[in-house]
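*Asks:* Each residue of the sequence shown is one higher than the last, beginning at 1 in full-length UniProt numbering.
These aren't lab readings, by the way, just hints derived from the structure by calculation.
Since the model is a prediction, treat every value here as computed from it, not as a measurement.
There could be a bad hint or two in this list.
What the hints assert, rightly or not - With a straight-line Cα cutoff of 20 Å, these simulated EDC-like cross-link-like pairs (lysine to aspartate or glutamate) come out:
id, residue 1, residue 2
1, Lys48, Glu78
2, Lys28, Glu84
3, Lys95, Glu78
4, Lys48, Glu74
5, Lys48, Glu73
6, Lys95, Glu74
7, Lys28, Glu42
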Amino acid sequence: MASAVPRFSFIFHAPAAAVDACKAAIFKAGAGRYPGPGSYTECCWSVKGTGQFRPGATANPNIGSVGALEHVEEVRVETICVGEDVARRAVAALKE
(Lines of atoms letter the chains of each structure in order from A and count residues from 1; the text may use other names and numbers.)
(Lines give C-alpha, C1' and ligand atoms only; values in the text may rest on other atoms or scores of the structure.)
Protein backbone atom coordinates (compact mmCIF):
# COMPACT_ATOMS: atom_id res chain seq x y z
CA MET A 1 0.00 0.00 0.00
CA ALA A 2 1.37 3.42 -0.95
CA SER A 3 1.84 5.91 1.84
CA ALA A 4 -0.37 9.00 1.82
CA VAL A 5 1.17 12.28 0.74
CA PRO A 6 1.08 14.71 3.69
CA ARG A 7 -1.10 17.80 3.44
CA PHE A 8 -0.19 21.09 5.07
CA SER A 9 -2.33 24.13 5.85
CA PHE A 10 -0.50 27.22 4.63
CA ILE A 11 -1.59 30.49 6.26
CA PHE A 12 -0.16 33.98 5.91
CA HIS A 13 -1.16 37.60 6.53
CA ALA A 14 -0.24 40.41 4.14
CA PRO A 15 -1.19 44.03 3.49
CA ALA A 16 -4.13 44.15 1.08
CA ALA A 17 -2.03 45.77 -1.66
CA ALA A 18 0.42 42.83 -1.62
CA VAL A 19 -2.02 39.91 -1.47
CA ASP A 20 -2.42 39.29 -5.22
CA ALA A 21 1.36 39.15 -5.74
CA CYS A 22 1.78 36.86 -2.71
CA LYS A 23 -0.95 34.50 -3.92
CA ALA A 24 0.51 34.41 -7.44
CA ALA A 25 3.91 33.45 -6.01
CA ILE A 26 2.64 30.62 -3.79
CA PHE A 27 0.32 29.27 -6.49
CA LYS A 28 3.24 29.21 -8.96
CA ALA A 29 5.14 27.19 -6.33
CA GLY A 30 2.33 24.59 -6.29
CA ALA A 31 0.24 25.66 -3.31
CA GLY A 32 -3.54 25.73 -3.60
CA ARG A 33 -3.93 22.58 -5.71
CA TYR A 34 -6.83 20.51 -4.46
CA PRO A 35 -5.88 16.81 -4.61
CA GLY A 36 -9.37 15.53 -5.44
CA PRO A 37 -11.26 15.14 -8.70
CA GLY A 38 -11.65 18.18 -10.92
CA SER A 39 -8.05 19.40 -11.02
CA TYR A 40 -8.82 22.53 -9.00
CA THR A 41 -5.93 24.99 -8.69
CA GLU A 42 -5.39 28.35 -6.97
CA CYS A 43 -7.75 27.37 -4.13
CA CYS A 44 -7.67 29.56 -1.04
CA TRP A 45 -9.79 31.34 1.53
CA SER A 46 -9.21 34.99 2.40
CA VAL A 47 -10.57 37.35 5.04
CA LYS A 48 -9.84 41.03 5.72
CA GLY A 49 -8.83 42.22 9.16
CA THR A 50 -6.68 44.66 11.07
CA GLY A 51 -3.20 43.66 12.17
CA GLN A 52 -1.43 45.31 15.10
CA PHE A 53 2.25 45.41 16.06
CA ARG A 54 4.86 47.53 17.83
CA PRO A 55 8.39 47.28 16.32
CA GLY A 56 11.07 46.70 18.99
CA ALA A 57 14.28 48.66 19.46
CA THR A 58 16.28 46.43 17.08
CA ALA A 59 13.58 46.27 14.38
CA ASN A 60 13.89 47.69 10.88
CA PRO A 61 10.16 48.02 10.09
CA ASN A 62 8.88 48.15 6.53
CA ILE A 63 5.70 49.76 7.89
CA GLY A 64 5.53 51.98 10.98
CA SER A 65 8.24 53.24 13.31
CA VAL A 66 10.32 51.67 16.08
CA GLY A 67 8.43 51.86 19.36
CA ALA A 68 5.16 53.09 17.81
CA LEU A 69 2.01 50.96 17.85
CA GLU A 70 0.87 50.38 14.26
CA HIS A 71 -2.46 49.18 12.86
CA VAL A 72 -2.55 47.86 9.28
CA GLU A 73 -5.41 46.59 7.15
CA GLU A 74 -4.37 43.06 6.22
CA VAL A 75 -5.71 39.95 4.55
CA ARG A 76 -5.38 36.46 6.03
CA VAL A 77 -4.99 33.83 3.30
CA GLU A 78 -5.35 30.09 3.91
CA THR A 79 -4.57 27.40 1.36
CA ILE A 80 -3.32 23.82 1.11
CA CYS A 81 0.06 22.36 0.19
CA VAL A 82 0.10 18.71 -0.83
CA GLY A 83 3.55 17.37 -0.03
CA GLU A 84 6.37 18.78 2.06
CA ASP A 85 8.26 19.88 -1.07
CA VAL A 86 5.32 22.06 -2.13
CA ALA A 87 5.07 23.58 1.36
CA ARG A 88 8.79 24.41 1.36
CA ARG A 89 8.60 25.97 -2.13
CA ALA A 90 5.56 28.05 -1.10
CA VAL A 91 7.37 29.36 2.00
CA ALA A 92 10.42 30.25 -0.11
CA ALA A 93 8.23 31.99 -2.71
CA LEU A 94 6.49 34.06 -0.05
CA LYS A 95 9.83 35.17 1.41
CA GLU A 96 11.06 36.53 -1.94
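*Asks:* Let me make sure I understand: some of the numbered hints might not hold for this structure. Which ones are they, in numerical order?
*Replies:* Structure breaks no hint.
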